[in-house]
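Visitor: Residues per chain are reported as follows:
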Amino acid sequence: MSSFAIGLIGMGALLILLVLRVPVAFAMFAVGFAGIAILNSPNAAMSLLASESFTLASSAELVVGPLYILMGNHATETGMSRRLYDAAYAVIGSIRGGLASATVIGCGGFAALSGSSVASALTMGRVSLAEMDRFDYDPRLSTGVVAAGGTLGILIPPSTGFVIYAILTQESIGRLFLAGVLPGLLLLTMFVLTVSLLCHINPKLGPAGPRTTLAEKARAMTGATPILLVIVLTIGGIYGGLFSPVEAAAVGAGLVILIGILMRRLTPRVFWNAAKSSVVTTATVMLILIAAHMMNPFLALSQIPQEFGAFLADLSLPPLAVLALILAAYLVLGCFLEGFAMLVLSLPIFIPVIHQLGIDPIWFGVLVVLTLEMGLISPPVGVNVFIVKSVAPGVPLGRIFAGVMPFWLAMLVTLVILMLFPDIALLLPNTMIG
Amino acid sequence: MLSGLDSFAGRLIGLSALVGTIGLTVAVAVILADVVGRSLGSPIQGAQDISQMAMVILVFGGMALCDRVGGHVSVDIFEKFMPPAMIRAGDILSALLGAVIFLGIAWTVWESAALSRMLNLSTNIINLPKAWFQYAMIAMSLITALGMLLRAASLTLGQSLTRETARS
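Each protein sequence line maps, in turn, to chains Y and C.
The numbering of the first sequence is the working numbering, which starts it at 14 and goes up by one.
The numbering of the second sequence is the working numbering, which starts it at 70 and goes up by one.
Incorrect hints may appear among the rest.
Claimed, not checked - One-sided and incomplete, this derived list gives chain C residues near chain Y with beta-carbon spacing under 8 Å:
id, residue
1, Leu109
2, Ser111
3, Leu134
4, Leu166
Everything labelled a hint here was simulated from the structure, so no lab data went into it.
Fair warning: this is a prediction, and the values are worked out from it, not measured in the lab.
Here a beta-carbon is modelled for each residue, glycine too, at the ideal position from N, C-alpha and C.
Can you make the complete structure from the sequences, with help from the hints?
Guide: Here it is in structure tokens:
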């Protein structure tokens with residue numbers, strides 16, 4: 014049997030396990046391990062199991078995740094996030110879906126802080142879902158907006174997606190970061206418009222709150238000042254060169270704990286609950302990431318991504334049509350693969366085709382990163398959806414996917430706009446760098 | 070007998086989660102102290118080494134509790150179309166598969182730790198022996214596997230065991 018056929022059987026087995034409600038991480042572990050054992054050797058699979066588990070669990074870059082989770086949990090447990098959303102609600106809560114729009118804007122701000130979609134979805138989920146629930150938002154809208162808003166993390170710079178793309182294609186990281194700014198803002202605007210449209214069609218999704226007086230607005234803003242200061246300090250610290258993202262996360266967590274103590278809201282019990290919850294969420298996320306790194310070598314061995322690439326290159330179609338097909342392939346692969354691994358597997362095949370067709374690789378990079386974002390919320394294994402599920406265990410996964418779909422469509426519209434108007438991505442890098 | 074074993078496993082899982090929580094606290098404290106120390110001209114040597122190894126402890130320390138509280142993410146879209154027996158079979162399969170995975174991690178990391186000891190592998194700056202953390206990872210993986218095996222046994226025998234919440 015060919016490697017490709019074994020790969021297809023593996024994908025089928027993965028789907029069957031997922032349908033049987035086997036946890037996503039376990040299913041990916043099992044299929045990845047078995048696939049590597051068959052296509053390479055059992056020893057290779059065993060060796061990878063040990064190395065990936067320890068390497069990922071001790072990754073310096075991934076330390077940022079639990080620290081932001083801890084920050085979000087403490088902000089929630091001590092009531093700081095509630096004050097933040099009280100302030101947001103006081104300002105824009107009187108419009109339909111105002112809190113969901115505030116969540117999108119918060120995700121955008123957090124994206125500029127963390128550069129990680131998973132961290133964005135986790136932290137904003139921790140902070141915002143309970144608040145939207147308190148204001149009677151439909152769980153489809155509240156969970157959908159967090160899962161989709163979290164994806165802004167890899168489009169709005171600093172973005173780990175662009176760094177990996179730059180390394181693989183030898184393009185300029187600076188140009189890619191600049192190219193992500195306007196598309197990131199465009200996508201953020203599209204999400205806010207989507208919230209408004211959804212709430213216009215069905216007002217029960219995100220009820221409008223009562224109008225507040227200027228004095229109430231000022232009081233709510235004052236209440237949110239401590240957490241706003243934490244955000245300003247951590248974001249300012251990164252852009253001012255004071256902290257790395259990991260350090261900013263630790264400073265943020267430390268400040269939130271300190272403020273909680275000063276406000277006399279942080280008891281040992283509250284600290285323990287927040288820390289324990291952070292450890293459990295970290296374990297959930299990390300096991301999925303480790304499993305994804307077991308699955309990807311199997312796919313590489315099976316040649317599935319390479320076959321996709323070769324097929325597209327062989328078609329005699331106009332450049333824009335080939336580009337659309339490549340992006341469609343990314344959308345399909347994104348349903349099953351961890352985004353960065355997908356880049357590593359596919360770019361060596363697609364980039365020569367892109368150069369051959371005369372397509373700007375910076376523009377292509379922005380489009381690819383946007384499709385990776387869409388993969389993060391695509392069924393059946395959209396990572397951000399599962400992240401939101403881990404934060405909101407009471408909401409069925411089907412409902413979260415249903416809530417995500419309008420935002421997925423908004424991303425598709427944004428993708429088409431960016432394909433038709435490359436200057437949206439290229440304007441800043443071309444004018445500022447040349 | 071099963072409930073007695075479960076009670077014992079519950080204590081081990083609690084201990085594992087406590088160790089994970091300590092790992093998280095250490096990571097935050099060390100990075101914070103490093104930032105403050107650096108601004109005063111005396112950063113903490115090896116802060117990154119400590120935070121990375123604390124991360125290993127916190128990630129695997131939380132695995133057993135994650136399973137105990139039903140924290141693993143699964144696709145429940147098709148659940149309403151499935152008969153109860155199929156759902157139960159899927160739950161037993163999940164628990165057994167999880168146990169095999171964590172036993173596999175424990176076994177392969179055990180061999181890897183032996184290699185780390187033989188080659189004296191350590192972290193880059195302050196030379197923390199990697200084997201220490203690999204052994205901790207093994208112990209916590211075994212606790213996770215024990216919890217999963219007990220769940221598989223209870224589901225097979227039709228007995229219900231304790232189901233905690235992450236906040237209890």
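Visitor: I'd like to know which numbered hints this structure contradicts. Please list them from smallest to largest.
Guide: 1, 2
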